[in-house]
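Given two chains presented individually in distinct reference frames, assemble the corresponding complex, making use of the accompanying hints.
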Amino acid sequence: MLKINNLHASVEDKEILKGINLEVKAGEVHAIMGPNGSGKSTLASVIAGKEEYEQTEGEIIFDNEEISELEAEERAHKGLFLSFQYPVEIPGVSVTNFMKTAINENRKAKGLEDMPAKDMLKMIREKSELLDMDRKFLSRSLNEGFSGGEKKRNEIFQMAMLEPKLAILDETDSGLDIDALRIVSNGVNKLKTKDNAVLVITHYQRLLDYIVPDYVHVLLNGKIVKSGGKELAHKLEEHGYDWIKEELKAV
Amino acid sequence: MELKDKLISSFFAFEENVDVNSDIHNIRSAAMKNFESLGFPSKKEEDWKYTSLNSVLKEDYSIFPKKEDAIDYKDVKKYFIHDIDTYTVVFIDGIYSSHLSNTTHDKIDVCLMSSALTKDKYKPIIDNYFNKIAPATSLNSLNTAFSKEGAFINIPKNTLADKPIQILNFSTGNESALMLQPRNLVIVGENSHVQIIERHQSLTENSVFTNSVTEIYAEKRAMVDYYKIQNDHSSASLIDSTYVDQKGESNCSVHTFSFGGKITRNNLQFFQNGERIDSTMKGVTIIEDKQHVDHNTLVHHIEPNCESHQDYKGIFDDKAVGVFNGKVLVEKEAQKTNAFQSNNNILISDKATINSKPQLEIFADDVKCSHGCTIGQLDEDALFYMKSRGIPAKEARALLMYAFANNVLESVKIPELQKRINKLIANKLNVNLGFDL
Chain P
63 MLKINNLHAS VEDKEILKGI NLEVKAGEVH AIMGPNGSGK STLASVIAGK
113 EEYEQTEGEI IFDNEEISEL EAEERAHKGL FLSFQYPVEI PGVSVTNFMK
163 TAINENRKAK GLEDMPAKDM LKMIREKSEL LDMDRKFLSR SLNEGFSGGE
213 KKRNEIFQMA MLEPKLAILD ETDSGLDIDA LRIVSNGVNK LKTKDNAVLV
263 ITHYQRLLDY IVPDYVHVLL NGKIVKSGGK ELAHKLEEHG YDWIKEELKA
313 V
Chain C
277 MELKDKLISS FFAFEENVDV NSDIHNIRSA AMKNFESLGF PSKKEEDWKY
327 TSLNSVLKED YSIFPKKEDA IDYKDVKKYF IHDIDTYTVV FIDGIYSSHL
377 SNTTHDKIDV CLMSSALTKD KYKPIIDNYF NKIAPATSLN SLNTAFSKEG
427 AFINIPKNTL ADKPIQILNF STGNESALML QPRNLVIVGE NSHVQIIERH
477 QSLTENSVFT NSVTEIYAEK RAMVDYYKIQ NDHSSASLID STYVDQKGES
527 NCSVHTFSFG GKITRNNLQF FQNGERIDST MKGVTIIEDK QHVDHNTLVH
577 HIEPNCESHQ DYKGIFDDKA VGVFNGKVLV EKEAQKTNAF QSNNNILISD
627 KATINSKPQL EIFADDVKCS HGCTIGQLDE DALFYMKSRG IPAKEARALL
677 MYAFANNVLE SVKIPELQKR INKLIANKLN VNLGFDL
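Note that the protein sequences, when read in sequence, are chains P and C. First residue of the first sequence? That's 63 in my numbering, and the numbers climb one at a time after it. First residue of the second sequence? That's 277 in my numbering, and the numbers climb one at a time after it.
Extracted from the complex, chain C is given alone in its bound form (with noise of 0.2 Å):
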């Protein structure tokens, strides 16, 4: 049976487990609806172009897996940022970890979309908030359909989130294949602040498709900084649809670390609501292989005073894949606004390829918006200057490939993240360079 069919037989026994009488079961029968009209996205619609699902449909997912499965902290540490004291919200297969995880409803919440989704106090904040602001794409409608796990973070107004918030979502590899829809939904009320670390995480070699959505409101002065880490074994996909909405003078940061993976696809929006707001999106792709990320992105300017600042820097190698498609839509009514993009690339083998494609659409006759996009090779007068110095050639390369991918790293706010993402980073690159990176 192909994947849509599966999936559409899978929301009959899907609707047994669930309230069919509720407003939120209409919302996902709609979505249901919709997928099954529109079915998986093809390489015919501009935005996937050079993404292709195909390779990744063709594998009959487990949809609902069998049992909870307990995994040992021991095992599992090392994804975790241990350093620190943090929140943390973790799922098996998709179901609820309560023994790995350390949520809270002390001032702020951080807890489970299943309990938001069905608890009657929840209900004016899901009706207010829930599936607002994801575009109802195929793959956002398909989510929406099968929505009743994640993470739920609701920051109310005035508070300091005390902690950063970690969202891990493992796969046992207990099923052959699986197939895994999270939802999160953060709201982060007025001159509120919360940081959240998200990763995915696969614990064996057997395939796991993540179709992933998450909605992010920042209320006015509110600052949300939000890191992803995506370095999954080479038999996991996902589909990462982050939306953020920004009311006045809020200041929201979206990081994507992609370091691994089959195929990753980002879908990124941010949609200013109010003036002077400032949003910035910046990620750091190290891949090889056949290994291929995917990142889409859209600031929709749609008020006056505003700022966006994009930045994402890829290495590729051997046979990977590299996609960038960054879209700035300056309404008429967003004059001043200051729009910057830049994506720059570096192909360290001629097999490897980099889409890059900047989208400015400007209606607005008083902005200053700019765009750049790099695409080259290692500079071999700075390898030659290193190896003079006694530097070999692989180390050279690698530390050229470190300060390339730097400036990202310096605008990450949790210093035991930045520690860790640079420890990813020289792993990735197999070197030690002699100074802690």
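Bound conformation, chain P alone (with noise of 0.2 Å):
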């Protein structure tokens, strides 16, 4: 579904990522762990088509597309989401208005009418009690005020409104709370289908327990340097990633 191939990115002309390799499978869940500053985020935003980071090599083939050259957009009519790590307010748009325009110009793209209110209605109601959201939520105006775990629900929200191929969660947990922890990945939890694929991008192992991925991947100085089965993740939890870096060295 994706692959990701020798990719590296630049940011003000400063290389962030160095040569990412990955694949991503329709059905699997991939984790990519690593500490700050590692490059997490940036791959993140590079694979949704931010504009800011400059893709110096590489290619990015989503769904047997090399889609590099595509805007941020039409990454996201191909099924491209991306939960951000810091969503951002919008005042003066509901969330119920802001899904309607993402909804329908998703729609517009695959060349389908609006979608009737009605259904629209009945769609936002049955995803909205999937993330235990409440109904004065929707008419707010967009992260406007959320608390932090608001603003994550907020986006997986977003995400089982837009039914992506490929979900990227970016620090889906921080500013989370142990209940709206359960309620944001149960909700991921039910999203999965084995013809999607999440990809969880994250500090700390915690979301792991509750998300469980396939493989976890470490990133370290814009490069994947390590990858494995869910246990690596446990053993970064507890040792940290200074063992990598010596096993590094040691190479």
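Treat the hints as calculated values from the structure; they're not laboratory data. None of the values given here were measured: they were computed from a predicted structure. Cβ atoms here follow ideal geometry from the backbone N, Cα and C, with glycine treated the same way. Among these hints, one or two may not hold up.
Computed footprint of chain C on chain P, listed as stretches where at least three residues anywhere in the stretch have a Cβ under 8 Å from a Cβ of chain C [claimed, not checked]:
1. 100-112
2. 129-135
3. 138-150
4. 305-312
DSBU-like mimics (lysine-lysine), calculated; alpha carbons at most 35 Å apart, straight line [what the hints assert, rightly or not]:
5. C:K670 <-> P:K76
6. P:K172 <-> C:K670
7. C:K689 <-> P:K252
8. C:K399 <-> C:K433
9. C:K603 <-> C:K424
10. P:K180 <-> C:K699
11. P:K184 <-> C:K670
12. P:K140 <-> P:K256
13. C:K689 <-> P:K184
14. P:K80 <-> C:K670
15. C:K689 <-> P:K198
16. P:K170 <-> C:K566
Okay, here's the thing in structure tokens:
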């Protein structure tokens, strides 16, 4: 589903990603772990198509298409979704109206008519229940004054609405208390099917107790230096990243 | 002939058609003298520093349109808020159109300045209220000199106007260039309530220069909500001067929606003559090309315990120019004043300009006054966030602009009008946002 080959990316001429290789297949959950500054969020942003990041080398193949040259919205139309680490506050646009716009723009890109209002409301109701969201929440301005937990829940709500093929969750656990973490991961797990995939980007192993990965990759200094199963996450939680650095030095 | 000279000589012709022995005419003659000595404002004056009328004044305007011109309602229906019942006062090239209007004298007067200025029964009202608060600036004096027609709205005390009132000024383009000088007077008695919508609309690309003056008097505990829709052709210029005199515990708001026109200048002044008065002025300006919108506001806090709220939002594209000059004057006696002012602007293009100048003059010591002014671009992070949800750049921009202007719209109290303005904004931004604006 997603194949990244030798991906290099820089921001303001500073190289941050230095040759990433990664393959995510349908039905899989991958986790990317790494210390602060290792390039985790940059990787998420580059895949999603953020313009400030310049992809200097390599390719990103999504659903058999090289997407490096596509705009962020075109990537979204193909079924890519990024759950933001810091969702942006947009005063004056309600969650519902934002979602209506997003859904209908995605439909337009596929040559479909706007979703009938009745169906839209039904879908919004179903998906908001999945995330245990209050109805009042939906009429509030997007992310404005939301708590950390509410913001993340709202991200996953959007994911539920848009039904992406690949969801990248960037530090979705940061700012969440244990109840919110449970609700959010429960939502992600319910949305998981054999036809879609999830890429979890996280600093801590905590989230991976709830969203269990098939593969764990360690990102250090812009490169994936180690990959393994979910037990790798536990090892990192216990021992930190230093042992990997030592291993690398030894090589 | 220069426009000023033409106006001076036209005044003699004007006098042939009005009663020159009336009190009103003394006011007109004095105003004409004042205009003669002042002339049109120039950029040398502080208040006109950022707005030049030169390009407007150089046209050869007809001062008196030749004849009343009938327009079919179906051709102009779209300019009315037509999905609700309203009183309407409609002028075509400055002349009252009875077939498009729906006036009344039942409990309230919604009628014509021409009757108010000439009929004996209105004389006490005219003596009391006409030309009492509009300062004798050159443009106001010019309007006063030629004052003859406009809307006259008189709501007696303890009366709720049963439906909103629309004032529409159409220009047909039958003249290659036309100057209009409507004069409105609105008197709202104690405990009374009225909602008014005003619009100036040219129907062709021929030049129109409208110099409009409106005086509004809100007696004790009166409520007045006034909405101005400015969405004209880029050949139409408008000077809208509106003055509001408020007595104790009255509550007045003026919303100005400026979406188009060549040069639009809004002079809006509130005078608080009483305690516990609330004055609100809000505006949304969305313009492009070489359009120019200038908001020049004043709130004069004269007595204690009053509030004023100013909230102006502007979005400027291409080479559009915006001006905001907002003055808050708090007299020494006006203790416990709460005065808020904000002016937020977004520049879409690097060639667009906004000149924002808040002016606070505070002579009382126990007051709460705040002002804020921002000039920015659309938030790139917000744009990326929207794009990552599949919303293309153009729609994302429009949604952000809509959101930016939205809180001003929320305070529009007539739902159908709110819907209409939402629609105007959507059209203006040229998007379908997938939900009912």
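Next item on the list: Could you work out which earlier hints the structure fails to respect and list their numbers in ascending sequence?
Entry: The structure conflicts with hints 4 and 7, although it agrees with all the remaining ones.
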